Each structure stands twice: as structure tokens, then as C-alpha cells.
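Trainee: Read top to bottom, the protein sequences are chains R and U. In terms of the working numbering, the first sequence opens at residue 1 and continues consecutively. In terms of the working numbering, the second sequence opens at residue 1 and continues consecutively.
Possibly wrong hints are sitting among the right ones.
Remember, identical chains collapse to one label, so a pair may be satisfied in a single copy or spanning two.
Here are the simulated DSSO-like pairs of lysine-lysine, each with C-alpha atoms no more than 27 Å apart in a straight line [as the list claims (entries may be wrong)]: (1) LYS96 x LYS23; (2) LYS222 x LYS23; (3) LYS375 x LYS411; (4) LYS195 x LYS222; (5) LYS348 x LYS24; (6) LYS375 x LYS23; (7) LYS446 x LYS382; (8) LYS87 x LYS122; (9) LYS24 x LYS420; (10) LYS362 x LYS23.
Everything labelled a hint here was simulated from the structure, so no lab data went into it. This structure is a prediction, so every number in the text was calculated from the model and none was measured.
2 protein chains.
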Amino acid sequence: MAKRIIIIGANAAGVEAASAARKKDHTAEITLITEEKTAGYSRCGLPFVIGEQIPSFKDLIVYSQAYFQMMKLNLKTETKATAINTKDKTVTAVDKTGATDTLQYDSLVIATGANAFTPPIKGSEKQGIHSLRTLEDGERILQAVQNGAKSAVVMGAGLIGLETGVALTERGLKVTVVEMLPQILPQMLDADMAKLVQEHLQEHGMRILTEKAVEEFLGGDKVTAIMAGGEKIEADLFLSAFGVRANTKLAAEAGIPLGETRGIKTNARMETEVKDVYAVGDCAETPHLITHKPVCQQLGTVAVKQGKVAGINAGGGYALFPGVLGSAVTRLFNIEAGVTGLTEAAAKRAGIEVITGAISSKTRADYYPNALPIKIKLIVEKESQRIIGAQIVGGEEVTQRINALSFAIQKGMTVRELAKADTAYAPPLNETWEPMILAAEMVLMKLR
Amino acid sequence: MAKRIIIIGANAAGVEAASAARKKDHTAEITLITEEKTAGYSRCGLPFVIGEQIPSFKDLIVYSQAYFQMMKLNLKTETKATAINTKDKTVTAVDKTGATDTLQYDSLVIATGANAFTPPIKGSEKQGIHSLRTLEDGERILQAVQNGAKSAVVMGAGLIGLETGVALTERGLKVTVVEMLPQILPQMLDADMAKLVQEHLQEHGMRILTEKAVEEFLGGDKVTAIMAGGEKIEADLFLSAFGVRANTKLAAEAGIPLGETRGIKTNARMETEVKDVYAVGDCAETPHLITHKPVCQQLGTVAVKQGKVAGINAGGGYALFPGVLGSAVTRLFNIEAGVTGLTEAAAKRAGIEVITGAISSKTRADYYPNALPIKIKLIVEKESQRIIGAQIVGGEEVTQRINALSFAIQKGMTVRELAKADTAYAPPLNETWEPMILAAEMVLMKLR
């Protein structure tokens with residue numbers, strides 16, 4: 001009899017799991033269940049439709065209906081999984097007509113993602129507080145822009161908040177970002193590096209308020225202003241970008257254990273503590289490669305990699321997910337910012353003694369036109385002299401430097417080895433002395 | 001008494017050595033000797049002045065007179081070192097007035113570079129055969145362009161030949177490249193990857209003739225045509241870019257041993273087989289990190305790194321140069337091409353059994369505008385499954401991927417580790433599945 005594989009969730013992690021399972025098992029019955037109308041789209045692309053770099057939300061659909069048919073994946077959209085029974089190995093689901101169905105599985109992959117989270121602030125029950133997680137969220141925000149919104153307040157200065165804030169600024173709105181912590185991108189960058197990004201956003205007309213909590217939503221049925229740090233800020237559009245929380249309700253109700261991060265606990269095969277049940281993507285926790293502690297990284301790159309591993313395992317194969325470094329990058333106006341491994345702040349929180357070094361350089365030979373500034377910060381574990389983190393803010397060529405340092409960290413490269421590493425150069429493409437190497441020299445000066 | 005350090009050569013390797021020696025020893029008498037009028041300029045930038053990306057050859061001067069003064073470096077330009085006496089520890093030099101001087105050294109750094117090489121072809125004594133090595137060479141070529149040259153023949157399809165060929169095409173000349181071997185960039189790329197670059201050059205109007213030897217230079221006193229593969233090719237400008245040879249005459253005459261590459265033999269401190277005499281840059285040989293065999297890599301990045309090591313040692317410090325991977329990159333019209341480690345062909349020549357894999361992908365999310373094609377080829381040593389080489393041809397973001405793979409190779413990353421590596425992504429900056437990882441998957445499919 002054909003194996004039955006059910007996947008709850010049908011975006012990055014879920015579709016990748018389904019595809020990998022299909023490649024392993026050509027006869028399995030593979031069913032994807034999603035509450036959403038649309039499956040297989042890229043959430044990461046949503047801000048760029050609002051910013052008009054991408055013409056339509058439909059362009060974000062990476063996996064078409066034809067793909068699901070070709071791969072013989074049974075896709076159930078607008079269908080909500082309401083219960084998992086891990087003893088009977090069933091999933092109960094309700095479709096948009098209200099019809100309930102109980103589906104049998106041999107392997108189950110939970111890819112329920114995360115939800116935007118708004119803290120319990122006075123007035124948060126009012127209408128007009130947007131978040132940006134789904135295509136429909138994106139369409140509502142775009143509609144508000146097209147209806148003539150002139151100003152926006154973005155609450156939270158993480159990646160989603162800033163990318164959307166930039167998009168709204170590009171559409172001509174006056175944007176104010178309110179962040180409770182003393183810096184923007186607090187999960188991603190140390191304060192010194194975040195400052196460079198903040199200045200760039202301000203130069204492009206964004207107002208950034210840090211160390212300001214949102215105290216109240218004001219207005220009638222509909223929000224018209226917020227109070228933040230004692231200041232009343234009126235706007236036409238309000239975006240809640242406080243953060244996301246792993247969507248683990250279904251798993252928790254089924255008795256599938258959560259971990260210390262409140263994500264679903266998994267092993268290296270992305271299997272939960274319940275046999276034949278896997279969890280992947282934003283709802284799953286996985287070890288950090290430096291601290292070895294569980295983290296809930298919630299990045300698209302992690303979601304697809306975990307999805308693939310779980311899909312291979314659910315399909316009868318054997319694959320391991322090694323853990324995460326949290327490599328991430330963003331483009332905000334004309335600046336790119338990236339991170340891999342631990343920030344200095346995160347290393348200190350983890351009790352790791354570090355030496356850091358930073359260098360400001362250029363992306364091309366000094367004499368070559370249009371060279372752009374770039375700043376690299378390295379975080380080095382003091383005892384082993386190994387690199388454990390890096391942050392880069394620059395005008396171009398940031399992403400692949402992050403990847404380079406990610407590879408270096410994963411292979412235990414010491415800062416001395418980096419200082420002597422073989423690198424490539426041509427005047428239009430780099431400086432003779434690669435900035436990563438100069439940053440390593442800065443650390444070495446402190447170690448000597 | 002202050003230590004006396006003499007450096008023969010005053011560009012990338014020489015100036016770096018002088019600077020590093022000065023930082024180690026604040027009182028040493030440091031003298032740089034160069035035959036050239038101008039010191040401290042970037043040879044790598046020469047094609048881009050011809051191509052008009054850079055306004056003037058003067059812009060290529062990275063180290064000004066003020067730098068030499070500030071660092072208290074005694075710079076003797078237009079002065080030819082004619083002999084080294086390693087017993088007496090002297091260098092004999094003749095300045096432009098014909099005055100001979102004998103200078104005493106405690107440490108000597110030989111950074112005599114390389115010379116453009118023209119094979120013994122019939123008619124090669126004729127005038128009008130340019131090479132591009134010095135500022136004056138560049139000025140002569142630019143002058144020919146400004147005098148109305150309409151066509152050019154470039155002999156040799158290495159980096160200098162192609163970069164200059166592109167520059168001349170950008171200036172409106174009809175350019176024909178003649179290469180004896182069956183592919184362009186034979187030192188840098190395998191034939192399959194070189195083909196992509198060749199097609200791009202042809203699309204931009206360059207004529208590329210491979211497997212055609214230059215048989216004769218035709219014309220009166222001045223060359224007006226060449227015979228290549230039986231075809232007569234007329235042109236207004238002729239560039240000899242057959243290759244360069246380490247300039248080791250001075251060292252060899254002084255009895256300083258050369259190695260099997262005909263470069264000057266060095267140890268890890270960049271010291272020759274004669275005590276207190278160092279050799280760096282294009283004239284020095286150094287081990288390859290994969291084959292452990294000596295190579296004469298002749299790259300700017302290698303020159304500055306070797307120069308720094310020799311300078312520290314000459315200045316009384318202790319520094320080691322670990323060897324080279326030959327990481328290199330170029331931009332030709334709208335395409336970037338890069339290499340690190342061994343090509344498939346070089347691995348085979350070295351007797352290494354390899355598995356290769358290649359992938360064509362894009363530089364941004366598929367739905368993001370202006371995503372450019374990129375192709376990555378990995379060379380993996382079969383027994384250890386370690387990556388030993390990589391080549392990339394793409395529209396953008398090639399350089400730092402080369403650096404990433406260079407770091408991976410240096411730290412012994414296996415292709416399995418690369419397939420699971422943590423990478424960064426954002427729609428404007430990369431695909432969710434990093435192409436390097438997809439290339440690793442392609443290799444793994446062959447290993448399974």
C-alpha cells in the first residue's frame with residue numbers, strides 16, 4: 001500500500017518537504033493542507049510588491065498549480081487542520097465549506113509557520129492595525145497605499161518592519177518606525193553596526209524612534225494614532241511588526257513537546273519527540289551551531305533546508321539537518337546589511353568571551369569609479385581564536401561575504417587563518433586587500 | 001646602527017614589503033629601487049584607463065610621493081639594479097644619469113616582477129608590437145587609440161589580453177583575439193566554463209580565434225598584419241599578451257636559486273635559499289595549497305600578501321606565507337568570471353581523481369527583477385570528497401562566492417558539508433537555495 005504523507009502548511013518549508021518526499025517515494029500519497037487561499041509563495045517577497053519592485057503579488061507564487069499536479073501532490077487550500085491524533089495517526093481538517101475530514105498518515109510534517117504578534121497594548125482591538133505575513137496582508141496594505149495613505153507608523157524595527165517601512169517610503173508615504181529597544185535590527189546587528197543602517201534610513205527620510213514603547217492605540221473603531229514614549233503619532237497606516245511567534249497550537253494540543261524557545265522540539269532528522277511526526281520551518285526549533293542551544297530561527301533559507309530534510313526522512317530516506325548559524329541579509333534603500341553566527345551581544349548573553357574587530361573599507365579599488373563603503377565586524381572567541389560571528393553593512397557585495405564568513409565559522413576558521421586567507425580581486429570588483437582580511441587584522445592587533 | 005633594508009621593485013609587492021618593514025622597524029634605512037619613472041601604482045588598473053572607466057593613468061598611483069615621505073622610505077626611481085652580491089651584501093645600481101652606486105644591505109627583498117613575453121615569431125623584431133605591463137605601455141596604447149586606431153589584434157586570451165581587448169572594444173576598435181590553445185582563459189577556467197565567457201565576448205563584437213598560433217608579423221619596419229592559422233589579419237594596433245615570465249635575471253646572476261617554475265625559490269618566510277634575501281610577487285615561487293607543488297601565481301593579491309610577510313621578516317619580525325589557491329576574478333563587459341583552487345584540467349594534470357558538478361542558477365529570487373544568470377562548477381577530490389576547486393561565471397556577485405569557496409577549500413570543507421551549509425538570502429540579493437549549495441548537490445548525485 002502506498003505510504004501516506006501529510007504536510008500541514010504549504011509554503012517554503014511545506015512545499016520543499018513535499019517535493020523531497022516525492023523524489024524519495026514515487027508512489028506515496030502526499031497531501032498538503034493549508035488554511036491559505038494560495039500555496040507555494042514567497043513571504044520574503046511581500047515587501048517588494050508593496051515597494052513596486054515586483055509588479056504583482058501573483059509573481060511571488062514560486063510553485064504553481066501545475067507544479068503540484070506534476071509532482072502529484074494533493075493540495076488542499078483554504079483547509080484548516082484542527083487536530084492531530086498521534087496515536088491513531090490522523091489529522092482532522094475542515095475545508096471552507098465547513099466539511100470535516102479525518103485523514104490518516106504514516107508520516108506527518110508540521111510546517112505551521114509563525115504568526116505576527118501584537119503585545120497586549122491598550123486599544124489593540126481596534127481596526128486598521130496591519131501585519132505582513134500573508135498575501136492577503138500584503139494586498140490590504142497595498143490597497144491602503146492605493147487609497148491614498150500619506151503616512152505610516154511601523155511598530156518594530158526588525159527585518160519585516162524595516163523592509164516594509166522602506167517600501168512604504170518608496171511609495172511616497174511619510175514613515176515613522178517605533179522600536180522599544182535602543183537600536184534597530186536588535187536580533188541581527190550589534191548597536192554599532194545598526195547605527196550605520198539607521199543613519200541610512202534617516203537620510204532617506206524615515207523617522208526612527210528607538211527606546212520608545214507603543215503605549216496605546218488611539219482613535220474610534222479604527223486606529224488613527226498611537227502613543228509612543230509620550231508622543232502622539234498620527235498616521236493613515238499602522239503596521240504591527242513587533243515580531244512573530246511560532247505557530248505551535250496544533251502541535252501542543254496534540255501533546256507534541258515544545259522546547260525552551262517555545263518552538264516544536266526536533267532532532268537532527270527534524271523529527272519531533274513523537275515518532276513519524278516532523279516539524280520544520282518557523283514553528284520548529286533546531287540547534288545553533290555555535291552555542292548548541294535550541295533556537296527558532298525563522299528564516300526562509302532554514303525553512304527550505306529543514307523542509308527538504310524532513311521530506312527525505314518522511315519519504316523513507318535518511319537526512320540530517322546540522323543546525324543554524326542564522327545567516328541573514330537585507331537590502332534597505334542603497335545599503336545591504338548581513339549577519340552570520342553570533343552578534344557580540346548574543347555571544348555575551350551566551351557567556352562567551354569574545355574579541356571583536358571592525359574595519360571600514362571600499363567595495364572596489366580606490367581608484368575605480370563608484371566604489372561603495374563597506375564595514376565588517378568580526379566576533380572572535382577569545383580562547384580558541386575562532387571566528388564565531390560577523391556583521392557587514394555596505395553598498396554592495398555583502399551577501400556573499402556573509403556566506404564566506406559563514407563557511408569559515410562552520411569549518412572552525414581562526415582569525416589568524418582568515419588574516420592569511422587566499423582571496424580574489426580585480427579593480428572593478430574588490431580591493432586588493434579584501435576587507436574581511438583587514439577586519440581579521442584588526443582583531444589580531446587586539447590579540448597580540 | 002640602523003638596519004639597512006633594500007627592496008628592488010616598487011609596486012604591489014615591493015611597496016607592501018617596505019611598509020611592513022617600516023611598521024616593524026621604525027629606525028631602519030629602507031630603500032626602494034625601481035627602473036620605472038613611477039612607483040606604487042596598480043598594474044591591474046591599466047586596462048580600465050584604456051577603457052576610460054578611470055580618467056587617467058595617474059589615478060592608478062596608489063602610493064603617492066607623500067606616502068613614501070611619511071613612511072620615511074627612500075625611493076630611487078629610474079634606477080636599475082644591475083647586480084647583487086650576496087657575500088658582501090651589496091646591490092649595485094645605475095641611475096638615469098648613468099651614475100653607479102653600490103648599496104649595502106642587511107636584508108634584501110627582490111620584487112622584480114615579471115616581463116611580458118613574446119615567443120620567437122618571424123617578424124617579432126618589427127616595431128608596433130605593444131605589451132601592457134607598465135604605465136608607459138598603457139600610455140602608448142592609449143595614444144594609438146587616440147591617434148585613430150580602428151582595429152586591434154590581441155595575441156593571447158589570458159586575463160591581460162581579454163581585459164585589454166574589452167577595453168579596446170569599448171573604445172570602438174574592432175578587436176580580434178588570437179589564442180593558440182583551444183579555449184580562452186586556459187590558466188583560469190576549464191573549457192566548459194570558458195565557453196560561456198567566449199560567447200559573451202563574441203556577443204559584444206569581439207572576434208575570438210582559438211587554436212590559432214601567430215605564425216608571422218607582416219609589414220615593413222612596422223607591423224601592419226599578422227598571419228595566424230593561415231589567415232592574414234590586418235590591424236592598426238597589436239598587443240602581445242602571450243603571457244609573462246618571472247623577471248629573475250638579477251637573482252639568477254647573483255646565484256640565488258630558482259625553482260622548477262623558474263621563479264625564485266622561497267620558504268614560508270618568503271626568504272630565498274640565500275640568508276637575508278627575500279623574494280616576493282611575480283618573480284617568486286610559492287607552494288600551492290592543494291598540490292603542495294611550487295607555483296608562480298603572479299596575482300596582485302598574492303604579491304601584496306607575500307610583500308607584507310617578507311617586509312615583516314626583513315624588519316626583524318616573524319611572519320609566514322601559507323601558500324596560494326590562485327583565487328582570481330575578472331569583469332569582461334557584463335560578465336564576471338572567477339576561479340579558486342584547481343581547475344578540472346589542472347587537477348587531472350596533477351594526477352588527482354575528481355568528481356565535478358555544475359549548476360546554472362540566478363543571482364536573485366526568480367520573481368525579483370534583473371536577476372542575472374550564474375553558473376558554478378565545483379571540483380571535488382573523489383576520495384576525501386573535499387572541494388579542491390571552483391569556477392564561477394555570472395552577471396554579478398561572483399567575487400565573494402569565489403572567496404567563500406576559497407575559505408571552504410582552505411578549511412577542508414567536503415562537498416557534503418557545503419550541501420548543508422548555512423547561507424544568507426533576501427529576494428533582491430540571492431536565491432533561497434544558494435547556487436553554491438545546488439552545485440554541491442550536483443556533485444553529490446554523482447557520488448551516491
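Trainee: Determine for every hint whether it applies to the structure shown.
Mentor: Here is how each hint holds up against the structure:
Taking the closest pair of Cα atoms, LYS96 and LYS23 never come within 27 Å of each other, the shortest separation being 30 Å inside a single copy and 74 Å across copies. When the C-alpha separation of LYS222 and LYS23 is checked against a cutoff of 27 Å, the pair qualifies neither within a copy, at 49 Å, nor between copies, at 66 Å. With identical chains, the CA atoms of LYS375 and LYS411 are at most 27 Å apart both within one copy (23 Å) and between copies (24 Å). Taking CA atoms no more than 27 Å apart as the test, LYS195 paired with LYS222 passes in neither setting, with 34 Å inside one copy and 62 Å between copies.
For the identical chains of this complex, LYS348 and LYS24 are neighbours neither inside a copy (43 Å) nor across copies (34 Å), given an alpha-carbon limit of 27 Å. In this homomeric assembly, LYS375 and LYS23 come within 27 Å of each other (Cα to Cα) only across copies, at 24 Å, whereas the closest approach inside a single copy is 43 Å. Taking the closest pair of Cα atoms, LYS446 and LYS382 come within 27 Å of each other only inside a single copy of the chain (10 Å); across copies the shortest separation is 41 Å, beyond that limit. Taking the closest pair of Cα atoms, LYS87 and LYS122 never come within 27 Å of each other, the shortest separation being 42 Å inside a single copy and 87 Å across copies.
Only between protomers do LYS24 and LYS420 lie at most 27 Å apart by alpha-carbon distance; the minimum there is 18 Å, versus 43 Å within a single protomer. Taking CA atoms no more than 27 Å apart as the test, LYS362 paired with LYS23 passes between copies only; the shortest distance there is 23 Å, against 45 Å inside one copy.
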